[in-house]
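Asks: Chain by chain, the residues:
2 protein chains.
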Amino acid sequence: MQDRAQVRIKARINKREAVLRTAAQVFNEKGYLASTLDEVAERLNVTKPTLYYYVKNKEEILFECVRIGLTMLQEAIHDVGVSGGSAADKLTAAMRKYTEIVTMDFGMCVIRVGEDPLPAESQQKLRRIKAAIDLEFRELIAQGIAEGSVKPCDPKIAAFTIAGAISWVARWYQPNGDLSVDTIADQCIHFLSTGLYQPVTP
Amino acid sequence: MQDRAQVRIKARINKREAVLRTAAQVFNEKGYLASTLDEVAERLNVTKPTLYYYVKNKEEILFECVRIGLTMLQEAIHDVGVSGGSAADKLTAAMRKYTEIVTMDFGMCVIRVGEDPLPAESQQKLRRIKAAIDLEFRELIAQGIAEGSVKPCDPKIAAFTIAGAISWVARWYQPNGDLSVDTIADQCIHFLSTGLYQPVTP
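Chains A and B supply the protein sequences, listed in that same order.
For the first sequence, the working numbering assigns the number -12 to the initial residue and increments by one for each residue that follows.
For the second sequence, the working numbering assigns the number -12 to the initial residue and increments by one for each residue that follows.
Pulled out of the complex, with its shape left as it was, chain A reads as follows (with noise of 0.2 Å):
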């Protein structure tokens, strides 16, 4: 049996949690300029000085909403570099779970929004996540020009070229549109994979 003391800590966590999810959705929807912690606490149906118990203030939140966006990347394609098989099944996996990550709530405020508001120190941290995972896909594309399988290519220039076409589907995902995020993926990871124009017969 948990004693009382885990138990709030735990619910603690969970409302912290929410705090900084329903901020990202506002700041996804607004922008984060046009975003208030009033609207937060609104939707939370809470008072604002019930947030300051969970945060300490926008740029707080923004830090983490970013913070925690990134690491799901980066948790997301470790797991791919560790797991089995070839670095072309690893790199068309990196690209399908990067597709589901930013077309999420705290994914998607690292695209849409990302650290630029914070101050430098901020930045930092968190531009120290994205090159991590900046190196892990080159390494991956790498892997897969040793491989065979990927075309020789610069890994740097062809993982920001993944990162941006993948990156850009936050900016213009609608949650409630015509286009699931497993049909985006599909065709944005063929596209990738394949390229725009039919081979040319010679």
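Hints may be right or wrong, so weigh each one.
Identical copies go unnamed one by one, so any copy, or any two together, can satisfy a pair.
Unchecked claim - No more than 16 Å apart at the CA atoms, straight line, and that leaves these computed lysine to aspartate or glutamate pairs for EDC-like:
#, residue 1, residue 2
1, K17, D92
2, K143, D165
3, K143, D173
4, K17, E108
5, K35, D25
6, K138, D173
7, K45, E26
8, K143, E123
9, K43, D25
Hint data in this document are derived by calculation from the structure and do not stem from the laboratory.
Dock chain B against chain A, hints included.
Replies: Relative to chain A, chain B alone:
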């Protein structure tokens, strides 16, 4: 011979454009929130009151920077659309122009800052230009499918995938870095045209 009034008007337009361009550079380097008109004035070696002779405020400057960048993209894709050649030729030319523009001051500002910090009405005006650009891209892709050069796909998803991959260049391109805009454009276009993976030979 131009009369004096004309000369004065022309000089004013040039100076205003210098103010906007310098502001775009500051926004692109530091982010919109961290940028000040003091810094813009300093870089131009003028006083802050002088700036206000050419522009109303920071918001108007951002609106104009994004509007100019979007108009450059719109004109480029329009010019490509009315030029001769196959849809594939036009698409490739459009991707190159797009890459070039998003690595220039105003084009970069469209991607690095964008319309999010602006009031709703300004955002709507700018988003209308974005929607028009997107439509031209989709039409070129649909023409490419019809002529047989582009693989069957959803033109909406394909247009967003291309726009995302190329727009991302504005985020990671370093004007004084190792990679020239030409090299980046060549490799990005090659990647998007032919895909990441080696074709599987049956």
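Asks: Now tell me, hint by hint, if it's right for this structure.
Replies: Hints, verified against the model:
Taking CA atoms no more than 16 Å apart as the test, K17 paired with D92 passes inside one copy only; the shortest distance there is 13 Å, against 26 Å between copies. Taking CA atoms no more than 16 Å apart as the test, K143 paired with D165 passes between copies only; the shortest distance there is 12 Å, against 33 Å inside one copy. In this assembly of identical chains, K143 and D173 lie within 16 Å of each other by CA distance solely across copies; the values are 14 Å between and 23 Å within a copy. Within a single copy, K17 and E108 get their C-alpha atoms only as close as 25 Å, which misses the 16 Å cut-off; across copies the closest is 13 Å, which meets it.
Only within a single protomer do K35 and D25 lie at most 16 Å apart by alpha-carbon distance; the minimum there is 6 Å, versus 35 Å between protomers. Taking the shortest alpha-carbon separations for K138 and D173, only the inter-copy value of 15 Å comes in at or below 16 Å, while the best intra-copy value is 21 Å. Taking the shortest alpha-carbon separations for K45 and E26, only the intra-copy value of 12 Å comes in at or below 16 Å, while the best inter-copy value is 26 Å. With identical chains, the CA atoms of K143 and E123 are at most 16 Å apart within one copy only, with a shortest distance of 11 Å there and 29 Å across copies.
In this assembly of identical chains, K43 and D25 lie within 16 Å of each other by CA distance solely inside one copy; the values are 14 Å within and 31 Å between copies.
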